[in-house]
Structures are given as structure tokens and as C-alpha cells.
Amino acid sequence: MSAPATGGAAVPPKVELLGVNLRYFGTEGETEALKDISIAIAPGEFVAIIGQSGCGKSTLLSLISGILKPTEGSVLVDGKPVAGPSRKVGYMLQQDYLFEWRTILDNAVLGAEIQGADIRKARERATQLLTRYGLGQFLHHLPRQLSGGMRQRVALARTLCTDPDVVLLDEPFSALDSQTRIALADEVAEILRRERKTAILVTHDIGEAVSMAERVVVLSRRPGRVKSDHAIRFATANGSRPAPFAARNAPEFNGYFNTLWRELEVHVEG
Amino acid sequence: MSKADIRTETGPSPQYREWLRRERRGHLAVRAAQLAVLVIFLVLWEVLPKAHVINPLFTSYPSALWPTFLELLKDSPQQVNILAHTWATVLATVIGFTAAMVFGTAIAAALWWWDGLYKVLDPYLVVANAMPKTAFVPIFYLWLGATMSVYGMSLAISLFVTILMIYSGFQGTDPNKVKLAQTFGASKGQILTKVVLPGSVPTLIAALKVNAGLSLVGVVVGEFQSANLGLGYLIQYGSQIFKMNIVMCGITILAVVSSLMYLAISWLETAVMRRR
Amino acid sequence: MLNRRRTLQGLAAAGSLAVASPKGAFAQAKPPVKIRYNEVVRSILYAPAYVAIAKGYFTEAGLDVSMTTAQGGDKSVAALLSNSADIALIGPETAVYVKNSDSPTKIPIFCGLTATDGFMLVGRDKADKFDWQALKGKEILGFRPGSTPLLFLEAALRQNGIDPLKDVKLANNVAIPARVGSWLAGQNQYAIFIEPDASQLEMDGKAHILASIGQTVGPADYTTFMATDKYIRENPQVIQTWTNAIYRAQKWTATAPTEEIAKTLEPFFPGVNPKALVAAAERYRKLNIWKDTPMIDAKAIDKFQDILVQGNVLEQNKRVKFEDLVLTEFASKAK
Chain L
288 MSAPATGGAA VPPKVELLGV NLRYFGTEGE TEALKDISIA IAPGEFVAII
338 GQSGCGKSTL LSLISGILKP TEGSVLVDGK PVAGPSRKVG YMLQQDYLFE
388 WRTILDNAVL GAEIQGADIR KARERATQLL TRYGLGQFLH HLPRQLSGGM
438 RQRVALARTL CTDPDVVLLD EPFSALDSQT RIALADEVAE ILRRERKTAI
488 LVTHDIGEAV SMAERVVVLS RRPGRVKSDH AIRFATANGS RPAPFAARNA
538 PEFNGYFNTL WRELEVHVEG
Chain Y
178 MSKADIRTET GPSPQYREWL RRERRGHLAV RAAQLAVLVI FLVLWEVLPK
228 AHVINPLFTS YPSALWPTFL ELLKDSPQQV NILAHTWATV LATVIGFTAA
278 MVFGTAIAAA LWWWDGLYKV LDPYLVVANA MPKTAFVPIF YLWLGATMSV
328 YGMSLAISLF VTILMIYSGF QGTDPNKVKL AQTFGASKGQ ILTKVVLPGS
378 VPTLIAALKV NAGLSLVGVV VGEFQSANLG LGYLIQYGSQ IFKMNIVMCG
428 ITILAVVSSL MYLAISWLET AVMRRR
Chain R
4 MLNRRRTLQG LAAAGSLAVA SPKGAFAQAK PPVKIRYNEV VRSILYAPAY
54 VAIAKGYFTE AGLDVSMTTA QGGDKSVAAL LSNSADIALI GPETAVYVKN
104 SDSPTKIPIF CGLTATDGFM LVGRDKADKF DWQALKGKEI LGFRPGSTPL
154 LFLEAALRQN GIDPLKDVKL ANNVAIPARV GSWLAGQNQY AIFIEPDASQ
204 LEMDGKAHIL ASIGQTVGPA DYTTFMATDK YIRENPQVIQ TWTNAIYRAQ
254 KWTATAPTEE IAKTLEPFFP GVNPKALVAA AERYRKLNIW KDTPMIDAKA
304 IDKFQDILVQ GNVLEQNKRV KFEDLVLTEF ASKAK
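Order-wise, the sequence lines are chains L, Y and R. The first sequence begins at 288 in this note's numbering and counts up one residue at a time. The second sequence begins at 178 in this note's numbering and counts up one residue at a time. The third sequence begins at 4 in this note's numbering and counts up one residue at a time.
Excised from the complex, chain L in its bound form (with noise of 0.2 Å):
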């Protein structure tokens, strides 16, 4: 069932969830949406967790940011229990939720905005982080002017802008088209690396989280559980990790797409 594949013990996980379980309350009853979770993240680890619809994957990055809180068990971020949303944690959602009053350069400075950061450093960032992601002449604009994926690519800046050391993504994908899917999902996986941030990737989408991630983790349907962990690994020249379209070509990507498929096909209450 569960093998947690983060490396040698010496180094303490950047990210750990022990024995989390989540209930939802309401008038019709209780729903177990998460059960017994136990997970260790290293530092500087991409980890995808996928499952089906429902199975609980967002409810996982809302605990690990802070807005919700476990019904039993602890979430633990450098050791320290999750108390709230803090600077360490950013979390990009589903979609961009750009405020359309603002420009881009002010949505891009929410977050530091909202912390009570230095804003002229904050604007500073925020532009290197535009421009870097071609985004540059796009400042001044107003968000109804741009694309989905330069959009996302604001989300993105947003994100990083209050340079936090982990990095949730909810299928952050998922409402661009498959082009800009897949050249969007190179671009953000090496600026998470090169930034060494440690990245959560919910997806649902099997492919994705191989081509970019190097552990997946696998919940089962509700109530979530981990079903199993899986450690992605290419074998290139150099050692080091292919870009997400190179790594879909590498003739590793089959094997684990197959095994990952059967495992999410298979019905299995557990």
C-alpha cells in the first residue's frame, strides 16, 4: 500500500502529513472525504497525486496551505504545524481568478500586498517574474486583454511572487487547451526547478504527472486513501530529469502510464 519514496532519513521533510483524516459536516451528515493520510515530502521534490474525481486530491493542498484543518492527525510543514495560510506556501488553483479590476502587475502583487510585504520589492519581483515568462509588455493590461495561458502565467507570477518554498498546484492545466497544456507544463516544471521549490501537482490528468513529476502518489476513491507511491525515473545521459515533453517521448513514460491507468481503473474500495 503506502512505501513513501523520499531518500535518505537525514533530511527532515519539507511537507508531512500523519495520519490526516477530513470530515465534512452538514446537515445531511458526515462525509469522510480523506481518510489516514501519511505522506512525507523532501525538499526540492516534485510529487504529482492523482485519482479520480472526488477523491479528495484538492481537500490534500487545501490542509497543506492552511485553509482547512484536519478533523484528526497533523499537517507539518518544516516541521511545524500547519496553523494557516502562511508565506511559505503558495497554492495555484484550478484557474487564474485574476481580479479583472486590476492590472497585471497588481494581480501579480496580491499576494505580497495581502502579506504586508515591501510592495516596491514586490512590484520589482513581480516584473522580473512577468517579463521572464514573456509577459513584459503585458503590465499595464487589464485581463479580459490576454490569453488563458498568458493568464495562467500571471497566476503563476503571483505565486512565486511571495517566494515561497512550496509550491501547491491544483490540475492548474486543466482550463487551457492541450497545446497550451502541454508548453505551459514544460516552462512551469523548469522554473519550479530551477527555483528548487518543492511542488505539489494535483492532476487528473496520468500523463501530465509523469511527464513532470518524479514521485506519484495514487489515492483511491472516497474516502482518499493512499493507494500507492510510485517513483518516476528517466534515464537520460546526464542524470538529470528530461523536460516534461522530452520525458513523454522516453520509453520509461509507457510503463508507468500503463501501471498508473490499471491502478486508477482498478475498483477497489481500499
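Calculated from the structure, these hints are not laboratory results. Be careful, since some hints might not be right.
As the list claims (entries may be wrong) - Label-pair restraints from in silico Cβ distances:
| no. | chain 1 | residue 1 | chain 2 | residue 2 | range |
| --- | --- | --- | --- | --- | --- |
| 1 | Y | 443 | R | 237 | 52 to 62 Å |
| 2 | R | 45 | Y | 370 | 57 to 67 Å |
| 3 | R | 71 | Y | 370 | 55 to 65 Å |
| 4 | R | 266 | Y | 272 | 47 to 57 Å |
| 5 | L | 552 | Y | 370 | 47 to 57 Å |
| 6 | Y | 298 | L | 405 | 49 to 59 Å |
| 7 | Y | 386 | L | 314 | 29 to 39 Å |
| 8 | Y | 203 | L | 434 | 32 to 42 Å |
| 9 | L | 312 | Y | 298 | 18 to 28 Å |
| 10 | Y | 448 | R | 74 | 42 to 52 Å |
| 11 | Y | 253 | R | 74 | 25 to 35 Å |
| 12 | L | 408 | Y | 451 | 24 to 34 Å |
Ideal placement from N, C-alpha and C gives every residue a C-beta, glycine not left out.
Using the hints, position chains Y and R against chain L.
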């Protein structure tokens, strides 16, 4: 795509030119019809009373309005001039709907902030909104005195619907935007100022439109009863001394005032929406 | 005995109706004529009219009268001109305005009722000998601008050497239902009130009646019966019958004991203290507010138009000649 993309080297295509021509003709036809409606209305209003089909005592006619207006521009011992009346009504209306917007937004924010408060006050707000405030006009005079009762009516008539509209707008804020702010650790106050209020600007403008119209009604009705200044008062006075041309003059100016107010708000709306 | 007299009177009236009718109809009683009667407001000033209804003078004369109260002169006139009322009781100023307008239908006056203004000037303190000069610099609760109560008050002030626009502060913007409440709330030092409000306030110790506006100004018919010229032309016998019935009521009201008058008026004024009704009837009869004849004097109409002109609601060159305003033939033939 701009027009430049489809233009051929030789200029706009003949089909496009024909399309443009048809569009322009369509617009002109609409404008001509609008003008015709106005002209027909004015002609009927002039001719029917003069031909005694309608009793001219009840309607006056357009050709009598301009001389009456000029008359009314002068101050007389019984009446101030009509511009003073107009200003009194406009001022009361503007103050009324401004106050309604300010208080309405503040109260809506309080209801948004403390859900318990909303739950307790909700039925009372619904009743207060449903009740016709114009029934209170005679009482307002006793409670507030002559001038303030007009302002009071102007505020009261639009306050409750404003609260409900704006609160509803606040509740309708995109929950994902709220969640986004929360992921950055935003406090409730920050969510209100950075997400809810800016996101509710279209609702605020819609409320302003409703407000301005209602406040004008409130002011005029209040003036009917308890004022000695204002267009509502002038209309009442003219009716009392059977000078229907004064009444119609007053009504025409009211129509102009309310149209201008609405136009101003529309302009504001366009200016604001351009930045979104 | 009474019944026989009534029956004889009724037959005589019916008979006269029959004789007067241009169709020269049968001597027997015809079905009663329906009259839609519209009074401008409900007021004790109009006592003889209520007497005529309550004591059956109209019914005996063959008129089936249904009464509505318009709550405003313009509404009464509108009822006449739009043919939703046959006969109306309104202030003569309306007849003047309509005569001056380009309405194709005019509304001539044919019968008088109230001799002059019925408002009383009241103050907060008792005054053994009231001096109008005491009003200088004070606040007076007036009436709506353009209304006859206010115009008459201004005329009374002017008559006593007080400029209504400069020497006193008139509060003219109080809604009519709110006037008593406003006085009780302590606003203004003087006010005009009509009966029974004036007597009621005095009985409650909240006001002291100082003067009668009508007595100060003198005779100037305050409220009169009118109908459209078309209706008068087509129904002269109805107009005459109406005038006769009113004359009969006026004669009774002039001599009957005030308690009996108050009793007859009671059903028309529910919620009014009967003692106030008696006091009001006493006062109005003493002041000769109720005419004892339907005849209208040209001098009184002149005075009335004077007051309109002084109040700036009528231009001097728009005064209407007496004979164009009042039809005297019906009142002069009344019996």
C-alpha cells in the same frame, strides 16, 4: 481582429461597403422613428386639447409651456423662481441617494461581516423594504420638520432596497477569488476591501440606478405634502390654483432632471466598466 | 300628523317637479332623480347640506342623493368636468379659474351655502382683549399656499395693518393631517383651525380662540354649489329643487337649538366629541357663517376676488364679472 486584417490591397471590398451602408441606414431609421414618436406625442398634446377633444384645463399644451417657463424664471412675492425649486429638488435627491448608498453599503458590509446579525435582521429588512415608505410622509413632517422630512423621505425610500441589493452583491462575490485571497492569509477586512468591494462595483452601480430614481420619487412625494420649495411643491401649488401649465412645466422639468440623472449614471458606469 | 305633512309636502314637490318639467309629465310622483353630489371636504361649515340629507329634504323633493367627499378643490372640479359628479360644493375660486381657462365646459355657481371663512385664529395664551398687532414677529401655522384659508388669513392680517409676507412668519408647509399634531407638538405661536378642531383644542386647554377670520374679513362667499353649464341647461328643475331643499335646510338651521343641530350632524362626523360639535355649531351660528338664504351677493363675490388678487393667485385683469360667474335665477326663485 481589426479592420486592417481583412482589408485587401485595393481598399474595403464592395460587399463590406454595402454592409456598412445598410448598417448606417438601419441606425438612421431607428433615430428617425424615435424622433417621430416624440413629434407625434407633442403634436397630439398640442392639437387634442386645442380642438377640445380633451379638456385643455386638465392637460395644458406644449405651446403654453415655454412662456410659462419664462414667467416662472422670475421671483414673485408668492413664489421663488423655478430654478430655485429645481435646485431644491435636485439637491434633496442627490443627498438622499448618496446617503442611501453610503449607509446602505456600510450596513450591507456589517451584515456580510457578522452573519449572525444578518440572520437576525433579515425578516425585518424584508418587511421594511416591502412597506411603502410614502405612507409615512405626514408622520415624517412631525418627526423631522419641514425640510428634513423631505430629505428623510428621500433616504428612507431607497435605503432598504439598497441594503438588500448590495448585501446580495457582496454574497455573490466569486468564492474562488475569496479562496485565492485566503491562500495568501488574507484577514476578513482584507477580503472585504480587496475582493468583495471592488468585485461588487457592478452591483453598486445597479443600486445607484435604482436609488436615484427612488430618491427622486421620495423627494417629490415628500414635497407634495410638506414643503414650500421644490418641483413637487410647485406641481401641487399649480394644481391647487388651476394653473395646469405650471403643473406641466414642473412635470416636464422633472422628466428632464431624471433623464439627466440617469444619463450621468450611465456615463459613470461606462467609465468604470472600461477599467475592467 | 308629521307624516301627513311630509306626504303632502312630498306630493307637492313631486307635483311641482312634474309641472316644471318641459315634458309636461303626469301629476303623480316620478322615480327619484339620482344626484351624484361631491363636497370638497367634510366640514361643519356645510351643516345645512348635511341637514338637508339627514332630514330627508332631498328625498322628499324627489332627489336620490349619493355623497362623496373629494378632499380637494381640484378633485371636485375634476369630478364635475369628467362627469363623475352632477353637483359639487366647492370654493368659488374654482369657478373663477375654470372660467378663465380654455376649458370648453364652465361651472357656474347657482346656490350659496357658506357666508365667509370659518377658520378661527387661536393662540397658546388667553387674551382678554385680542390685538392683532400681537402677531407681529410671531410664527403662525397657516395653510397650503394658494388655498382659500391662507388667502383669507392674509387678507385678515392685511386688514389689521400687518404685512403677511414681512411682519409675520407663516408656516405653510404642514401637511393637512399633521396640522393638529404639529400644534400639539409646540410648533408655532398662533394658528388657524377650523371647527370642530378649534373648539376641541380649546376644551382640552391646548389653545385659546382669539378671533374669527371670517368675521374680520366680512362676507365673501366661501363655499358654493355649482354644476357644469351643460348639466344646468339640461336639468333646470333639478337645480331648482336642490336650491329649494337647501333653502329649507338653511331656514331650519338658522333657528333650531344647537343641541339638535349637533345631533343631526353627529353621524357625519364620527370620532368627533359631541360637546365640540355643539360648541362649533354655537360659534358658527353666532358668526353667521351659515347663510340663511341661497342668494349670493355681488359685493361678496367682489370681495372674494379682491382676496384672490391680493394673494397673487388671480391677476387683476382676469377678474370675472358677477353675472358670468353666478346664476341668480334659481336662488331668487327658491322657496
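The hints, checked one at a time:
Range check, residue 443 (chain Y) to residue 237 (chain R): Cβ separation about 55 Å, and the 52 to 62 Å hint holds. For the pair residue 45 (chain R) and residue 370 (chain Y), the beta carbons lie near 59 Å from each other, so the given range of 57 to 67 Å is met. Under the hint 55 to 65 Å, the C-beta atoms of residue 71 (chain R) and residue 370 (chain Y), about 60 Å apart, fit the expected range. Restraint check, residue 266 (chain R) to residue 272 (chain Y): a C-beta distance of roughly 53 Å satisfies the suggested window 47 to 57 Å.
For the pair residue 552 (chain L) and residue 370 (chain Y), the beta carbons lie near 48 Å from each other, so the given range of 47 to 57 Å is met. Distance hint check for residue 298 (chain Y) and residue 405 (chain L): the Cβ-Cβ separation is about 42 Å, which falls outside the suggested range of 49 to 59 Å. Between residue 386 (chain Y) and residue 314 (chain L) the beta carbon distance is about 38 Å. The supplied range of 29 to 39 Å therefore holds. Distance hint for residue 203 (chain Y) and residue 434 (chain L): a CB-CB separation of about 33 Å, consistent with the stated range 32 to 42 Å.
The hinted window of 18 to 28 Å between residue 312 (chain L) and residue 298 (chain Y) holds, with their beta carbons roughly 26 Å apart. For the pair residue 448 (chain Y) and residue 74 (chain R), the supplied restraint of 42 to 52 Å holds, since their beta-carbon distance comes to about 47 Å. Separated by about 28 Å at the C-beta atoms, residue 253 (chain Y) and residue 74 (chain R) satisfy the suggested range of 25 to 35 Å. As the Cβ distance of residue 408 (chain L) to residue 451 (chain Y) is approximately 31 Å, the hint placing it in 24 to 34 Å holds.
Violated hint: 6 only; the structure is consistent with all others.
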